[in-house]
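Here is what each chain is made of, one letter per residue.
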Amino acid sequence: MLSAEAIAQIDRELTKYPPEHRQSAVISALRIVQAEQGWLSQENITDVAEYLGIPPIRALEVATFYNMFELKPVGKYKITVCTNISCMLRDCASIVQHLEKRLGITFGETTPDGKFTLREGECMGCCGGAPLFHINNTDMYEFLTPEKVDEILEGLK
Amino acid sequence: MPQIEIDGIPVEVEHGISIIEAADKLGIPIPRFCYHKKLSVAANCRMCLVQVEKFAKPLPACATPVSDGMKIFTRSKAAVEAQKSVMEFLLINHPLDCPICDQGGECDLQDLAVAYGSTKSRYTEEKRVVVNKNIGPLIATDMTRCIQCTRCVRFLKEVGGLMELGMINRTEHAEITAYIGKSVESELSGNIIDLCPVGALTSKPFRYSARGWELERRPAIAPHDGLGSHIEVHVKNGRVMRVVPREKESINECWLSDRDRFSYEGVNSPDRLTKPLLRRGDQWVETDWQSALEFAASRIKDTIARHGPDQIGMLISPHSTMEEGFLLKKIAKGIGCGNIDHRLRRSDYRLDGNFQGTPWLGCNLTDINQLDRILLIGSILRNEHPLLAHRFRCAVKYNEAELSLINPLGQDFLAPVAHKVITSPDGMVEMLLQVLKAVSTLERRLLCLCLPPALTRVMETVEVSETARAIAASLAGYGKTYDLISPRVGVFLGNLAQHHPRYAELYTLAEAIASLNGAVFGVLSETNNRVGLNLARAMPRRGALNARTMLEQPRKTYVLFNVEPEFDCHNGKMAADAMAAAECVIALTSYKSEALRDADVLLPIAPFTETSGTYTSMEGRVQSFAAANRPLGECRPGWKVLRVLGNLLGLEGFDYESSEQVKDEVFEGEAPSKVVWNRLNNNLRVLFDIEIRPPSMKLQRIGDIPLYQTDGTVRRAPSLQAAGKNCIGYVSMNGKDIQSAGLKPGTLVRVSQGGESVELPLRQDDRLASGCARVPLGPSTARLGDLFGEIRVEAIR
Ligand code: SF4
Ligand code: FES
Ligand code: FES
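Top to bottom, those sequences are chains A and B.
FYI, in numbering that gives the first Met the number 0 the residues of the first sequence are 0 to 156.
FYI, in numbering that gives the first Met the number 0 the residues of the second sequence are 0 to 796.
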């Protein structure tokens, strides 16, 4: 079941498209549900599909296509570090190394306390701020140094 | 029109077509995997790359429209190089397991790899493996072989009507799958076996049983749906191995419904009767044809001598060939018996004698796609004629047709329905009356004067509902701004309507509505050959008994032609009782059957694959076919058995040498097309009187015929039975009715009708008319009473 808040938000997205194209809101709807639940369970995907009136497989296609959608539970804070070319040239490796050491996990893993998940990301189109990562798909942190990373992580409760 | 040049051949082509279409027209081969002329263009396999002058890079022929002056090279060095590279890419992750792959020998990938592939692979890394999916009992998967062409996905979405497969993940992780835990349930699903260019999707029942090149391929006509689809029966060592569609654009395009594709399994069933059997006490003893036929003939003569020919009743399956129907009728006539019928599941025969001709579709199948306003009455179309449902969907999708449905139950049409009425069987009559009234009072229409006064009088007593008004406005074309002149309106009666206890009234009203709208008026064919058997006059003589009264007033002797009485008649119980009470039952049948327990002699006749004959489809297409296979055991084609029976009865004119001679006689030596042209006619001589009935307080049964229960052959096809297992063995009611009856969904309830009762699980179905209980025909419910009629559903104490 979608929550009332999620439905309200999805409805707002739906106003952006013609009524016969409810399918167009699928990415937004999945994003809204993920923001609320932390990840997308099969049930969430079915619910979104049903609400938009599209076949469930259509929603699953979208959910599996974009790697910002999580299909398994993740930590409270998901840190996605860009390792593409510009970030690589600006030594993102040291940032990754530092994160791995500090959190005791590598890409794709979650800390045992369920607080942090580490992910490898592709170019986020902000090469000017390399190296960088974002947290939970939304908060972007640029010009990272190991010290700055510590500071950020400390700030996360 | 653009002037182009392909491989040096100058040609003028239509505007807007793609390079691949132009090349196909010219017969110039361009390799392809994802392109299919009946599906949308995906352009994802890149196998069709060609070189086009003035373009630096090769272009996909399937996705590039032609333009004037284009010079295309399909075999130039650049083109072939591009095609070869694509092939190399496609083969990187392909397992190349052709020796153990069912597609081997008829695989596009194999063929094109021979033409474009390199003899050596340069790829030494690990290949990817994709987990197999279980998508149901009809289709086997080997997903590692998939090349992601998405033909299967597009077919189910665009033709099947429901996207049941999709491609999840991306890049090298992409894979085709049904939704988690789901299987593919489309009644057209088998077509993705044909579409899959590799061996990722293959036929489960056919799996590992033969190689394509070992099969003899025999053309035939589909034995179930009323379209007359063209099929090809594949035989190996005298056994039917599979059935595939033959392309026939104006009938089945290149598709086939699962029922017609997999029903051949029934022909190979262990139930097949291979020797004549005679009853001795409660034993069946094998006998030879001579004694069996002599026995049958003597019992018929005996009945005539002792009780008169009126004490004989003949029931023939509506799936029989025209020749069979004609000969049985000829025998009946010869012995002076008028009681013969093929309309076994009808309950209302009040229109007999009132038809001007043989009821038919009223138009051609291809005309359906062109309709823009449709009223479909009493039809679960996807079950009745899956491919016709596809044509209706096309009308809705591509022609923006407004579709209105009047039914006692709901089925997802898989296309937008403009107006949907779900009402009780009596309510259907009333709803049509309302629509008729609404149509006749629309301003443009002053035609109500043409209606008979009795009808006009009844009409005055009904009040027109909003929905009826909306349907009328839709039929009159109020929602359309164009093309109101040409009659692109259709009013059709489905199978459910034909089994309806007030069919005469539905028919009258539908005809009246159609004529006021200048619409095509059509009657769908209940089976593959209902129209043909009507043309062959396998029906009661005037005043004689029909399929129902023959059972209501039990006869001393019955002749059954491929009929399993309790499964194939409108009232299973009445049929079973009549057989049990009869002095003698002579059954010509392809199968041994518990339903024939009261027979005295069983004569093995050939099913559709082993006989020659003729079917007439619902659009009046007369199609003859030869036997695809020789008869099993001592089985004989039905027409031959009837011929000998005729001889043994001492009747004149039973000296046929071939089924063609019988056919000639059916058509009285005329060209079939001429006979069809003269005799197909849906008009009634006089419109039938309509009665207004107060709504019934008693629960009404809606006994639909599930997709895979239509006839004995389908009922014996294990894969189809597995696919349809959820559609039988239950009773459903809408939530409100369940509540007011104090029942609980999911529990077992007692369902009783006509003195029989069974326990069935209760399902809640809110798309069912109130006051109704849906009890589909099936093994557990066959011996209940009328398909439509009063029924009781109670809790089990
Ligand atoms: S399963 Fe067959 S038809 Fe479907 S995408 Fe794969 S190769 Fe194409
Ligand atoms: S490469 Fe890291 S943001 Fe572009
Ligand atoms: S056939 Fe053209 S890209 Fe596949």
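You may find that some hints are simply not true.
[What the hints assert, rightly or not] Cut-off 35 Å, straight-line C-alpha distance, at most; resulting in silico cross-link-like pairs (DSBU-like, lysine-lysine):
1. B/K181 x A/K15
2. B/K119 x A/K77
3. A/K147 x A/K100
4. A/K71 x B/K181
5. B/K181 x B/K735
6. A/K71 x B/K126
7. B/K419 x B/K300
8. A/K15 x B/K419
9. A/K15 x B/K37
10. A/K75 x B/K132
[What the hints assert, rightly or not] Covered stretches of chain B, as calculated for chain A (at least 3 residues, CB under 8 Å):
11. 160-166
12. 681-692
By construction, these hints were calculated from the structure, which means they are not laboratory data.
Backbone N, C-alpha and C define an ideal beta-carbon position, used for all residues, glycine too.
Checked hints:
About 32 Å separates the Cα atoms of B/K181 and A/K15, which keeps this hinted pair within 35 Å; it holds. For the suggested pair B/K119 and A/K77, the alpha carbons sit about 46 Å apart, so the restraint of at most 35 Å is broken. For the hint linking A/K147 to A/K100, the alpha-carbon distance of about 15 Å falls within 35 Å, and the restraint holds. Of the supplied pair hints, the one linking A/K71 and B/K181 holds, its CA atoms being roughly 20 Å apart against a limit of 35 Å.
A distance of roughly 29 Å separates the Cα atoms of B/K181 and B/K735; the hinted pair therefore holds under the 35 Å criterion. A hinted pair counts as satisfied when its Cα atoms are at most 35 Å apart, and A/K71 with B/K126 qualifies at roughly 26 Å. Note on B/K419 and B/K300: the hinted pairing is violated, with a Cα-Cα distance of about 54 Å set against a maximum of 35 Å. With a CA separation close to 30 Å, the supplied pair A/K15 and B/K419 stays within the 35 Å bound.
As the CA atoms of A/K15 and B/K37 are separated by approximately 33 Å, the hinted pair is consistent with the 35 Å bound. About 33 Å separates the Cα atoms of A/K75 and B/K132, which keeps this hinted pair within 35 Å; it holds. Counting residues of the stretch 160-166 of chain B whose C-beta lies closer than 8 Å to any C-beta of chain A gives 6; at least three are required, and the coverage claim holds. Requiring three or more residues with a Cβ within less than 8 Å of a Cβ of chain A, the coverage given for the stretch 681-692 of chain B is violated, as only 0 such residues are present.
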